[in-house]
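Keeping the supplied structure of chain A fixed, place chain B upon it in accordance with the hints.
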Amino acid sequence: MSPAPTAGVPAPDGGSPVHDGAEHPEGGGGRRDPGGRRRARWSWAFGLRTRLTLAFLLVAAVSAGTTAALTYREARSALLQTAQDTAVSSFRDEVRQTGFPMPLQAEGIEGVLRDIARKGRPHPWVAFAEYGSIRASSGTSPVSGVITPQLRRAARANPHGSFQRVVKDGVPYLTIAMPTVFPTGPEGVLPTGLVLYAVMRMTDEQINVEALLTAARDGALPGLVVALLPGLLAARSVLRPVRELRRAARSMGSGRLDTRIQVRGGDELADLARTFNESAEQLEHSVRELRQAEARARRFASDVSHELRTPLAGMLAVTEVLDEDAGRLDPDTARAVRLISSETGKLAGLVEDLMEISRFDARAAELNTDELDAAEAVRKTLENRHWTDGRVRTELPEGIRVRLDPRRFDVVVANLVGNALRHGGTPVTVRLRRGTGSDGVPLLVTEVADNGPGIRPEALPHIFDRFYKADAARTRSEGSGLGLAITLENVRLHRGTVRAGNRPEGGAVFTVEIPLHTEGDGR
Amino acid sequence: MPRVLLIEDDPAVREGVELGLRRRGHDVRSAATGEAGLEALSEFRPDLLLLDLMLPGMNGVQVCRRVRENSQLPIIMLTARGDDFDMIVGLEAGADDYIVKPARPEVLEARIRAVLRRIEPTDTERPATRVHGDLTIDRAALTVTKAGRRLALAPSELKLLLHLSAAPEQVFSRQQLLEHVWEHSYHADARLVDACVRRLRNKIEDDSGTPRYVQTLRGFGYRFGPL
Numbered sequence: 003m004s005p006a007p008t009a010g011v012p013a014p015d016g017g018s019p020v021h022d023g024a025e026h027p028e029g030g031g032g033r034r035d036p037g038g039r040r041r042a043r044w045s046w047a048f049g050l051r052t053r054l055t056l057a058f059l060l061v062a063a064v065s066a067g068t069t070a071a072l073t074y075r076e077a078r079s080a081l082l083q084t085a086q087d088t089a090v091s092s093f094r095d096e097v098r099q100t101g102f103p104m105p106l107q108a109e110g111i112e113g114v115l116r117d118i119a120r121k122g123r124p125h126p127w128v129a130f131a132e133y134g135s136i137r138a139s140s141g142t143s144p145v146s147g148v149i150t151p152q153l154r155r156a157a158r159a160n161p162h163g164s165f166q167r168v169v170k171d172g173v174p175y176l177t178i179a180m181p182t183v184f185p186t187g188p189e190g191v192l193p194t195g196l197v198l199y200a201v202m203r204m205t206d207e208q209i210n211v212e213a214l215l216t217a218a219r220d221g222a223l224p225g226l227v228v229a230l231l232p233g234l235l236a237a238r239s240v241l242r243p244v245r246e247l248r249r250a251a252r253s254m255g256s257g258r259l260d261t262r263i264q265v266r267g268g269d270e271l272a273d274l275a276r277t278f279n280e281s282a283e284q285l286e287h288s289v290r291e292l293r294q295a296e297a298r299a300r301r302f303a304s305d306v307s308h309e310l311r312t313p314l315a316g317m318l319a320v321t322e323v324l325d326e327d328a329g330r331l332d333p334d335t336a337r338a339v340r341l342i343s344s345e346t347g348k349l350a351g352l353v354e355d356l357m358e359i360s361r362f363d364a365r366a367a368e369l370n371t372d373e374l375d376a377a378e379a380v381r382k383t384l385e386n387r388h389w390t391d392g393r394v395r396t397e398l399p400e401g402i403r404v405r406l407d408p409r410r411f412d413v414v415v416a417n418l419v420g421n422a423l424r425h426g427g428t429p430v431t432v433r434l435r436r437g438t439g440s441d442g443v444p445l446l447v448t449e450v451a452d453n454g455p456g457i458r459p460e461a462l463p464h465i466f467d468r469f470y471k472a473d474a475a476r477t478r479s480e481g482s483g484l485g486l487a488i489t490l491e492n493v494r495l496h497r498g499t500v501r502a503g504n505r506p507e508g509g510a511v512f513t514v515e516i517p518l519h520t521e522g523d524g525r
Numbered sequence: 689m690p691r692v693l694l695i696e697d698d699p700a701v702r703e704g705v706e707l708g709l710r711r712r713g714h715d716v717r718s719a720a721t722g723e724a725g726l727e728a729l730s731e732f733r734p735d736l737l738l739l740d741l742m743l744p745g746m747n748g749v750q751v752c753r754r755v756r757e758n759s760q761l762p763i764i765m766l767t768a769r770g771d772d773f774d775m776i777v778g779l780e781a782g783a784d785d786y787i788v789k790p791a792r793p794e795v796l797e798a799r800i801r802a803v804l805r806r807i808e809p810t811d812t813e814r815p816a817t818r819v820h821g822d823l824t825i826d827r828a829a830l831t832v833t834k835a836g837r838r839l840a841l842a843p844s845e846l847k848l849l850l851h852l853s854a855a856p857e858q859v860f861s862r863q864q865l866l867e868h869v870w871e872h873s874y875h876a877d878a879r880l881v882d883a884c885v886r887r888l889r890n891k892i893e894d895d896s897g898t899p900r901y902v903q904t905l906r907g908f909g910y911r912f913g914p915l
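Chains as they are written, first to last, in the numbering used here: chain A, 3 to 525; chain B, 689 to 915.
Chain A with its partners taken away, still in its complex shape (with noise of 0.2 Å):
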């Protein structure tokens, strides 16, 4: 905003205009401070759309703001500039084809002040005279009270004049200073003393600044608004992807791994479309490597243990005759004959353990459900084991009807009683109640407790696990190492649950719940 020099003229220092605090056109560029700081605190707590238009939104006023204030401030030196430019060459030339009587008499100023007042450009102005002491102008006050110290200053200092913009009152001045000159040279000049001021009320350049700057927030304000479209237009084509990718993952999560999302474009998010496609296909992949690494290793097992079925069978039938026999023969070999007997049964045993096993895990157990009695089914199982001698208690309240399958309810109670007998110690307990489960459907608890020394707290997560032994020096137990995790199979094939743990009185209890009715009523 430097004052441009008057034709032919070096701009004088003192030209320069005086801010005064009141000249702020350029109100646009300090809202961007404030607020910036904060919304960035905030953006974390806003979603990816919000953040996405506020984004759009302040790029757009940035330079919304930023074209205004440039636009506004270069129109509004270029008015002034022109303003002041007339102003000041024809101030100059007025005060130059006036000729002043030197020395200057007060008589007779006032005349040729207003003479030359009424030769203003572009707009009317006051001119005032300053002569030693004499002041005089073409107005009613000889004095101005808008001319500045520094313009008196910088009108001696400079023999070309000086100018400078003040504000007074809200009102905008031009005030424009031209002492006389005695030419002393061809470039000398010599001044005379007389200074000449001309005061200008700048008026409608300020109207028209005004009416700039009215135009640019005009302007800036709609052009937000409009920018407001395309944001949330790009947030849209942003979070689409984003959306259906969260999608994706939640269904391959969900279990569904043939998820794929179609790949649209080719910018980063459908870089990330195919990445996540191909890494999927990868997992389901090798997912499906692992699964047919398992059947197989199932049906190995169950091939196995058909294949040995046969040979046991001719095996286990001749058992009896080894029995017998063995007493006739000699020591050793009767010792050999009756082990490879003891053993066969044993084979016998586990083999058909993990027959069921494979039965499971084919998922081909059926469930062959009838209604009975739950205490008579339980007396029934200790029964044919011969367990009636005094090493199991029972608690069995009668009358607790219950659908279930009897073959392996039989199979659960002996596991459990078996593995408490073999483990644990005796008096075996085994209680059965009425209960309720978490979902209000009615339970048969059942609860086989020993009075052993417990169950190793370092044991409990594995204790149905397949040929776990709980006691690490005992190599071989009676049992095939099946029992428990058949145990826990049958429970979870009648949709109930086993547990193991330890009583605060001491002792092992393992607790099977079992929904009253696994299936609907009677066939």
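Keep in mind that the hints were calculated from the coordinates and are not lab data. Heads up, a few of these hints could be off.
[As the list claims (entries may be wrong)] Some but not every residue of chain A turned toward chain B, in silico, with C-beta under 10 Å:
(1) Glu109
(2) Leu314
(3) Glu326
(4) Glu345
(5) Gly347
(6) Lys348
(7) Met357
(8) Asp372
(9) Lys382
(10) Phe411
Since the model is a prediction, treat every value here as computed from it, not as a measurement. By construction, the Cβ of each residue, glycine as well, lies at the ideal position given by its N, Cα and C atoms.
Chain B in isolation, oriented as in the chain A frame:
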């Protein structure tokens, strides 16, 4: 001692079972195929047929049907646990009982005895012949006639009917029937009972869909009558 015909294709099982049963005093004849077994049937005249279900060529179920066409010979199937479908089909074809392989000789023996026992006459104190509607049941002669026509009942069917009709209108649970008619354990497969009831109804009922004689009580079991 009972004469047992064993039809089993696996030589080791055949020899083992033969050895085990012979040791227990049975007169055993064995055949490797269904065809050979059927041939031996007329000549050997066994008291009981021990029949493997998985046979090459003519399978066990087909052999069972062929035998039932003209004979009420007691038949025990040899089956494997898990081959449920075969077991049910075998029972529908007319087998009286089944044994899960591999089995100890004492199990074989017990099952054979149980099947044979059911056609021995029961107590003689009660009147031997009773009439229930169209059915006439002679407990001494072990014959059942319907409207004067003699019915051909397999041993298990006959034993079941005798057991149920001995206490008309009394409900027997399937577990009780397993224990008393088949001498199985309480927890054995009750489908054995259901299959036998179906076969019995087909022979004695006018309409097996709405049975008069052997009635079902859902959730409890079966009973004879009321007529």
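A quick look at each hint next to the structure:
This hint is violated: Glu109(A) has a C-beta 139 Å from the nearest C-beta of chain B, more than the 10 Å allowed. For Leu314(A), the interface hint holds, the least distance from its beta-carbon to any beta-carbon of chain B being 5 Å, beneath 10 Å. Nearest Cβ of chain B to the Cβ of Glu326(A): about 7 Å, under the 10 Å cut. The hint holds. This hint is violated: Glu345(A) has a C-beta 14 Å from the nearest C-beta of chain B, more than the 10 Å allowed.
Here the hint on Gly347(A) is kept, as its CB sits about 7 Å from the closest CB of chain B, short of 10 Å. At about 12 Å, the closest approach between the beta carbon of Lys348(A) and any beta carbon in chain B exceeds 10 Å, and the interface hint on this residue is violated. For Met357(A), the interface hint holds, since its Cβ comes within 10 Å of a Cβ in chain B; the closest pair sits about 6 Å apart. A least Cβ separation of about 5 Å between Asp372(A) and chain B falls short of the 10 Å threshold, and the interface hint therefore holds.
Checking Lys382(A) against chain B by beta carbon gives a least distance of about 4 Å; that is within 10 Å, so the hint holds. Because the smallest distance between the Cβ of Phe411(A) and any Cβ of chain B comes to about 7 Å, under 10 Å, the interface hint for this residue holds.
Against the hints set out earlier in the document, violations occur for numbers 1, 4 and 6.
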